[in-house]
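Line order of the protein sequences matches chains H and G.
Numbering of the first sequence is given in the working numbering, commencing with residue 247 and proceeding in unit increments.
Numbering of the second sequence is given in the working numbering, commencing with residue 3 and proceeding in unit increments.
To be clear, the hints were calculated from the coordinates, so they are not data collected in a lab.
These numbers come from a predicted model, not from an experiment.
Glycine included, C-beta positions come from ideal geometry on N, C-alpha and C.
Don't take each hint at face value.
Pair ranges (Cβ atoms, derived) [said to hold, decoys possible]:
1. Asp249(H) with Arg108(G): 41 to 49 Å
2. Lys284(H) with Leu160(G): 21 to 29 Å
3. Arg264(H) with Pro112(G): 35 to 43 Å
4. Ala263(H) with Glu17(G): 18 to 26 Å
5. Lys284(H) with Lys59(G): 49 to 57 Å
6. Arg259(H) with Lys168(G): 45 to 53 Å
7. Lys269(H) with Glu17(G): 37 to 45 Å
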Amino acid sequence: MSDVIHIPRALEREKQARLHAEKLLEDKSRELYERNRKLRKYNQALKRK
Amino acid sequence: MKGVVFTFMADHFTEQFGVPFWNEVLDTAGEDGVYTSGAYYPDEEVFTLLHAVSSIKKVCPAALLKDLGDYLFPQFIKLYPHFIQGQNDFLDFLEGVETVIHSEVRKLHPAVQLPRITYDRIAKNELHMHYHSERRLCSLAEGLIDSAARAFSNSYQLSHKECMHKGDDQCTFRITTSE
């Protein structure tokens, strides 16, 4: 039962992992947005030719 | 509603009242409490949680929302410091919430639903902010503004002139700073 004292540290670790995953998702969303924007621009340029 | 509101709401009430309290809130609300910032959850869930906190702590939801807004601003700034960097004028910053911050959020998260904010800049030191949202979370906005003023270490006065909770079509915040 002495394991209980170790739980806060494990909990904090899990929380930090969640925050990291959330940040990763957000960074990837931004990348995706930028790439989409560029692709749309190229696409429009191609259509004009 | 964007998950980030839920994750910070859980953090806020857990920091303030402890883990057993938040567990009690979730039991009362009948929610599992599993939230992540990238996801969306039903709007009603915010209100269910809020009412659970309100009934356990005997504090009105509006006061709880204001506190939550107060807590949220510094958290947002930790995540997105660039929104405040290089900003000197508090009212200019507030005026940019819709055009700079909300438009950035909409760009990256097309499904997001944000309040619509319109402005009347009466003078260099007076701004009227009109808040429109079916969620009627004006107290949350009020807490955010309050907390933002502290970040700008600005002495200011805020009055909530019109309020949707009092039958008005929109909420109007009148903010004046001392120059």
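Status of each hint after checking the structure:
At roughly 46 Å, the beta carbons of Asp249(H) and Arg108(G) sit within the given window of 41 to 49 Å. The hint said 21 to 29 Å for the Cβ distance between Lys284(H) and Leu160(G), and at roughly 42 Å that hint is violated. Our hint of 35 to 43 Å for Arg264(H) and Pro112(G) is violated, since their Cβ atoms are close to 24 Å apart. For Ala263(H) and Glu17(G), the hinted distance range of 18 to 26 Å is satisfied, since their beta carbons lie about 19 Å from each other.
Distance hint check: the CB atoms of Lys284(H) and Lys59(G) are about 50 Å apart, consistent with the given range 49 to 57 Å. Here the CB-CB span from Arg259(H) to Lys168(G) is close to 47 Å, well matched to the stated 45 to 53 Å. A C-beta distance of roughly 20 Å is found between Lys269(H) and Glu17(G), which places it outside the suggested range of 37 to 45 Å.
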